[in-house]
Structures are given as structure tokens and as C-alpha cells.
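Novice: With chain A's structure known, arrange chain B on it following the hints.
Number of protein chains: 2
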Amino acid sequence: MGLLQNTEPGRRMRMTKLGLETFFNPKSVAVIGASKTPGKLGYNAVQNLLNIGFKGKIYPVNPKGGEVLGIKIYPNVKDIPEPVDVGQILVPAPFVVDIMKDLAEKGVKYVVIITGGFTEAGEDGAKMEGEIMRIAKKAGMRVIGPNTTGILSAPASFSTTFLNFDNMRVGGASYIAQTGNFASITLLWILTKEHYGLCRVIGLGNKCDVDDADALEFLGEDPKTKVVGIYVEGLKNGRRFIEVAKKAAKKKPVLVLKSGRTKAGARAAASHTASLAADDAIIESALRQAGVIRVKHYIDLVNYAKAFIYQPPPKGNRMGVITPSGGLGVVMADTIESSGLSIKPFSGETLKKLEEITPPLIKVGNPFDIWPAVSAIGNVKSFDEGLKAIIADPEIDGVILGIMQNKGVDELKDIDFIIETAKKYPDKPIVSFATGEYQLVEKLRKALETNPEVRIPLYYYAEQACEVMSVMYEYTERRKAIA
Amino acid sequence: MGLLQNTEPGRRMRMTKLGLETFFNPKSVAVIGASKTPGKLGYNAVQNLLNIGFKGKIYPVNPKGGEVLGIKIYPNVKDIPEPVDVGQILVPAPFVVDIMKDLAEKGVKYVVIITGGFTEAGEDGAKMEGEIMRIAKKAGMRVIGPNTTGILSAPASFSTTFLNFDNMRVGGASYIAQTGNFASITLLWILTKEHYGLCRVIGLGNKCDVDDADALEFLGEDPKTKVVGIYVEGLKNGRRFIEVAKKAAKKKPVLVLKSGRTKAGARAAASHTASLAADDAIIESALRQAGVIRVKHYIDLVNYAKAFIYQPPPKGNRMGVITPSGGLGVVMADTIESSGLSIKPFSGETLKKLEEITPPLIKVGNPFDIWPAVSAIGNVKSFDEGLKAIIADPEIDGVILGIMQNKGVDELKDIDFIIETAKKYPDKPIVSFATGEYQLVEKLRKALETNPEVRIPLYYYAEQACEVMSVMYEYTERRKAIA
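These protein sequence lines are chains A and B, in that order.
First residue of the first sequence: 18, per our numbering; consecutive thereafter.
First residue of the second sequence: 18, per our numbering; consecutive thereafter.
Please keep in mind that the hints were generated in silico from the structure rather than gathered at the bench.
Hints may be right or wrong, so weigh each one.
Remember, identical chains collapse to one label, so a pair may be satisfied in a single copy or spanning two.
Said to hold, decoys possible - Below are the DSSO-like pairs computed for lysine-lysine, each with C-alpha atoms no more than 27 Å apart in a straight line:
1. K144 with K155
2. K380 with K155
3. K267 with K89
4. K361 with K441
5. K369 with K118
6. K424 with K460
7. K430 with K95
8. K370 with K380
9. K424 with K57
10. K463 with K263
11. K53 with K95
In this text the structure is predicted, and so the values were computed from the model without any measurement.
Here chain A stands alone, though its shape is the one from the complex (with noise of 0.2 Å):
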């Protein structure tokens, strides 16, 4: 306690901080700025620890006392008679200060600031900031925001976001994001359109204490994380982000979405979260050197980490290509070998078994126009048969398997055989893609994506799956280099 205590600034104080781990564990919550009336952000909170089945203790706070959705509401933190984990803000920025005081009294140790109003919105701001700082330092509490939407622990079925959700699905994928919008929009996009569950959400906002660094150190040690995605603009300290990035890398695929690259980027960046722009060439080499992947869309970041769910990355870069379409084969073959990737042809015994199940006369290679073999002995055999034989072949690290989804001639409804031959090659990883009719590709996707044993990403289109398996491969190549 007295180490905590100690404002002495430097590398010794930050050894001496409280881990992150009561953010996403909190045996209790306290709700300041909670509210009795439905569709405000304080009643939302609540209801949301409630929605998503929190099994901790919830404390509302408001001045205002009464009740909400059944529970006590107390008029301060320091009322409440047993002791408090996390306490979460939400109440209007001059208060902030106030319930700082408050929380360091109660001995509140963990911090999450949603509201707004601090150093992005100029002096006043930053000089509140400061002074939350301050106590957060004398009282050695650990803070994350302000301006934020906050976490979510779903393995802890925690979350201090005030957006409201229904459903939580539990999984390995967890994700940091500078801002907090982007971080709670990326989470509900992920729980209504895949079906991968989520582990742990940080949406950091201004950084005051809690940092990128600090949260990808947590997560690169997080045993229940599988991978972890990052939407950064500004590093505050980038020796050190690189430093756990390294570490973290080693233990996980770490994709990072890097924006401010641009003049305008980084113009906008600046009114944003008051990040400075850096050299982008040097932070992009500084990420490659510490075995990050960097992405360059937004939606990457959720589609790659369901691929790093799902499969194993590729051994080596050799792929073996099942197409619906010739037409989809030849921009397969283009992207592929754009990519890292390689694309040779099969060896003579696959392609024997690959004649095997295509009509005579037509040509077979690598990608596998699978076409001729369904409409002459029907999807079900050809895709088994075809499957079969790509993925025993010894030259071959993974296979991109597309698949025709159109009612009648050639829509693939039992999937079971895809899983047993993907059950037998556990370091062959399998990455599909379907197009045809939509609703049938979803049906297709989701019997893929959920099956128990084995789960296969699906996506809606040849080069995404080219190009995942790609970023796949460059993890299995980033972690030799840092190994």
C-alpha cells in the first residue's frame, strides 16, 4: 500500500500498478450515474449487467436514491456496506472529479469512465483530467477512459457499456479500440452477424492511466483469449506497445488496424482522441519487427480473428483450391499468388483421384473446378471425394474450399462429411467461401461455423478466403521471425 502510494514517477511506479484482471473478474459493480427511467445510458448500464446475466453484486448510485429494474439505488458509493470492485461513471464531466473522491475514499481500486467532456473537448477538460489522475495515482487505482463505452468481460458476463444487447455469446476473440463507438459497434456487429463468441472488449477512449500497451499485456497473458484484434491511432508510449506487442505475438495472433496514416487521417485523428500522428512507415515496421499483423480495413479485424478462432494456421503456403466456378478459379490463382501464398499443381495421385470424379475429357488441376464432378455424380460425392483427396496430399499446408449454393442442381446441405475429413488433417486448416443464393449461403455458413467438432469460417466471396488464409500464413511466418 505504501509503494501505491507513492506519486514517484517512472518505471519502478508502473512495476508497482495493479494488473488489470478485477476489470474482467469484478465480484462487484458500482453503477454511478444510474437512472430509474428507461432508455437513458444509467438505466441501460443496469439493465444491460442484467440482460447478460452478471453474477456479481450491482450497487446503483445516484443522489436521487429509490430503485432500478428491482435493485436499491444508493445516493453515494461510500453507502454502500460491502466492498466494491469496479466502479463504473457515467455521471456528467464536473461531477467526475467528485466521485473520484469518493471512489478513492470507498477504496474502489478499479475505474471505468464512460463519460465525455475531458481532453478531447479542450483546457477545462484536460485539466479535469488531471486532477482525476491525480487521485487515481495517491489512491493507486487503476483507470480506464474517460470518454469511453468501457469493457466487457464475457467469460465474466461483464460489460459497462451502455448499448443495449440481448444476446452474449462467450468465445476467444477479445479487441482493443482507442475509441469507444467503434469498439461497442464492432461487438454488436460480431454478435448478431458471426457466430464466434467474444472474451474481452476494451474500449480505452482517452488513456488517461490504462493504455494500449497495458490492455494488450493483459490480454497477450489472458488464457481464455485466443486473439486479439487492435484499432489504434496515437501510441502514447510506442516502445513500450511494441515491446508487449513482441510478447504478445508470441503467444497469439495479434492483428492491428493502424489509422492516421494519411495527412487527413491524422488531421482527424488529432480532434479525435488528441492523438499525434507518427511516422507511419515507422510504426509499420516497428509492428512487423514485434510479429503483428497489421490490417488494412476496419471489418478485417473482425473477419480475420474468426479464421484465428476456427483453424490453425497454415504450416507452410502451399494451397490446395476447390472452385464452384472456373471463372472464380483463375481469380483465386491471381490472388493467391499475389499474396504470399502458392498455388502449385497437384501432385500425379491427387490428380488421379481427382479424374477419378470428374467427367472424361475435361482437364483437372489445382484450383479444382469442381463443377464437371457435381453435375455428373452430385455435390455430396464430388466435394467429399474432392476434399478427400486435396487435403491428404503432402504438398499441400491448407485448402480453400468454394462452394455454389443455388437451389436444386447444387445446393450443399449436409456438411458432416466435411467435418470428418477436416477432423483427420487438424494442421491443415480449411477456409471456405459460398456465393449463390444468399439465404441458403447463410444456412451453409451457419452449419460451418457452429458445427461442435470442427468449425469452419465461411465468407461471401473467393479472394476474402485467399486473403485470410494469407494473413494466416503471415502469422505462422511472423512467429518464426520473433520465435
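Specialist: Chain B in isolation, oriented as in the chain A frame:
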């Protein structure tokens, strides 16, 4: 062999060939290889014509006779008592030459050969294809195929495809695909996932007669076609294609996905449709000069067409951006600046209007982060005032409109006010994206994309909306260059 060399013998011959119009507006069609058995291609082909409401006469043909779906089957096309506009051939390859002779005798001038097993299958097939062409030339017939799913003409409720589809939406999007499955996958995807309608689809197959240039020439002149997408592997007559493309691009946007860029792609193309690889850089430059827009991904053909159908291209490159998250604003600023568009600070007057709806102390800029306004005064008022202010700015040529769709706090349900504003600025395109809760995003997409007055395209991620706008601007520039 140089790509741009004219290898077509008898240019004058071409001039006397029949145009393609009748393929897309036939009064009657003979389905040769029709079948009584549900599920067979020859059954599906007839069923499709009935399903989509073809108004012309359908003559199923099969030596076995009988009936299919209540329609009499003729043993031979020559037995049909009335004239036949289009002959559609589904019988196995060895029978096709004889069928061609029958069609020639019957005086059928337009033939679509679905059957595969010709040049793409080897020497014997190539010989048969040569024979087919001799018959066709002698009789002055035009042939699409072989080895394709054929054509679709939505305005005529006509299709030769054997893939089942129940719904047909007529619209302005036409496209050409070298490969039949590519064409059909795309049309099914558009019909089941998008809200815009189709005009003509041409799956060229082996191009024994009708090739990319013929098809593009037709679509360029076709008043019902508003935008043309092309998937091409190889060009038999590059010079003619470029000439035709230039003419078409003056009238409407022409989007080209050219594959076979890499060695692996070229190898796949050769075995797919016997296409010769050409130097990709030469093609790229020729296409640029022709005013054509080259796209990178298969799905871009679908996504970009939508924007061109719904919105005018921007007259200049100055973008106004509304973002639901500061982070996405930075990401968009990056994308905009690196894609030929420009994002500059707003004029004083615009800033003043945006400040009026934004809580005090929060800086406003371009991108305009709308979240503070939404949380203060609600989403309808924020988006209404925000959009009005930005689109009215004389220094802005187009608006990228980002929306967060979350239950409760900021779901945008009513979009009439957006349409009212859009109507007042018919020269300034609006391209939108939304993220958050998928089902709400889809509801919003439907509302915006199916509005009877102004249709605003909605994409699922921020960078895509920016990329689409940049492609629309590229079209503006290309058109100026070839004018």
C-alpha cells in the same frame, strides 16, 4: 501474339452479322434437350421460363416427345409449326452438331449452347466446335457459348439458365462473364442479397462466335442497361474490345474484373477457357485509356454497380463525411485521401451549423462525428441537421454518411428526412454505411435502397463506402478524359 493485334479474319464479315437484340427480346424459344424429369437441367430450363414469366412461346424439344409442365414436347425443332427466334441447346456434346443443322434448316438465327465438352475439353471437342461454327456462319446464325449457363434478359422475362430462381427483379445492371457459373452465381447473389434489379446477363462460355466485344457493344447501346460489369480472362481480339469499350464507357460506367494477372492465374485461365495470357500492364493501360474502371475483387462488380444505379457520380472529389464514431472517421479520412478523393475542413458556415447541434466544448470537423449530437438531441434531428448542413456546402461534391444502428440509444428508423434532403441535391451523391446490430442495419439498408424516390446505397463498412465513392469519381474523371 500481341493482345491488341486484330486476329479476327474478315472484318467486313463481322459488319454483316446480325445484331444481338433478338437474344434478349425473343418472341419464342426452343428448349432443345427439355426433360419431363424434375431436377434435370432440361426441366429446370423450362420451369425457369415459366417462373420468371416469359411472355413468348416456349417449345420444348426432345425425341422422346410427351409433355413438360403442361407444354407439349416436339421431337425435333423442325416439327415446330411456328418460327423460332432462339434455340437453346442442352443436349450432350456429341449431338450438338446435328441439332445445329436442324436449327439451320428451321431458320433459327440465334442459338445459345449450354452444353460443355468442346474446345475446353480437348481436340475432339475443338473439332466439333469448329463444325458448329461452320454451320452457323453458312446459315448466318449467331451463337452464344458453348459451355455456359447462357443469358438472362430481365426486361423480357427471359433466361436460358438452368439454375432455379423464383424471383426476378428488373433493373439497370447488366454484366458479361466469360464463364457461365460466374454469371449465374452473381445473378443469384444480386437477386437474393441486393435490392437493385438486373437487366441483361451474358455468360459467354467458349465464345465460339459472340465474344466480349460483341456483348459489350450491345450493352453499350442498350438503353435499358445503366451500368455494365465484365468478368474477363482473356481477350481474343483486344483491339476491337478496347474500341467498343471506349464507345460504351462514354455512355455508361463499364466495370471490368480482369483475371489471369499472375502466372498462377494465367495458368488457371488457360485450362479454364483456353484463354491466352496477355501482359497485364498492357491491358491495364488500354482499359484506362478506354475509360473503363478496373475493379480488384469479384464482389466489387456487385457492390459498385449498386452505387452507379442509385446515385449520380460526384462532379468533383471533395467529400463531406458524417461518422458515427470518431475512430471510423479517422479510418475514413485515411481511405478518402489515399483513393483520389479529398477531405478538407468545412467552411465556416457549415461548421457553425454543425456546432449548433453538437454539445458545447466538442470540436466539430470533417469527418463530422455525429455521436455527441445524437447523444444530446437524438438521432433524427442530428442526422437531419448534419446532412443538410454538409450537403448544402458549395465546396462539397458528395456525402459519405455513416450510421450506427444500435437498439435503444441510436437506431435510425425513419429515413424520410434523408430522402427529402437528397432530393434537393440531385447532383450530389450520398453513399452510406451502417454498422452495429446486423438486423437493424439490414432494415435500414432496405429502407434506403428501396425508397421509391431516391435510393441511397448502404454498405457494411466505412472504407467500402469511401472506395465506392472514389470509383464513382474515377468514372467522372475517365469520362472527361475520353470526351
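Novice: All hints, please: hold or fail.
Specialist: Consistency of the hints with the structure:
1. Taking CA atoms no more than 27 Å apart as the test, K144 paired with K155 passes inside one copy only; the shortest distance there is 17 Å, against 89 Å between copies.
2. Taking identical chains as interchangeable, the C-alpha atoms of K380 and K155 are never at most 27 Å apart, the minima being 75 Å within one chain and 32 Å between chains.
3. Neither within a single protomer nor between protomers do K267 and K89 lie at most 27 Å apart by alpha-carbon distance, with minima of 46 Å and 70 Å respectively.
4. In this homomeric assembly, K361 and K441 come within 27 Å of each other (Cα to Cα) only inside a single copy, at 23 Å, whereas the closest approach across copies is 56 Å.
5. Neither within a single protomer nor between protomers do K369 and K118 lie at most 27 Å apart by alpha-carbon distance, with minima of 76 Å and 38 Å respectively.
6. In this homomeric assembly, K424 and K460 come within 27 Å of each other (Cα to Cα) both inside a single copy, at 12 Å, and across copies, at 25 Å.
7. For the homomeric pair K430 and K95, neither the shortest alpha-carbon distance inside one copy (59 Å) nor that between copies (42 Å) is at most 27 Å.
8. Proximity of K370 and K380 under a CA criterion of 27 Å is satisfied intra-copy only: 13 Å inside one chain copy versus 65 Å between copies.
9. With identical chains, the CA atoms of K424 and K57 are at most 27 Å apart between copies only, with a shortest distance of 12 Å across copies and 47 Å within one.
10. In this homomeric assembly, K463 and K263 never come within 27 Å of each other (Cα to Cα): the closest approach is 35 Å inside a single copy and 44 Å across copies.
11. Taking CA atoms no more than 27 Å apart as the test, K53 paired with K95 passes inside one copy only; the shortest distance there is 20 Å, against 82 Å between copies.
In summary, the structure is inconsistent with hints 2, 3, 5, 7 and 10 from the numbered list given earlier, while agreeing with the others.
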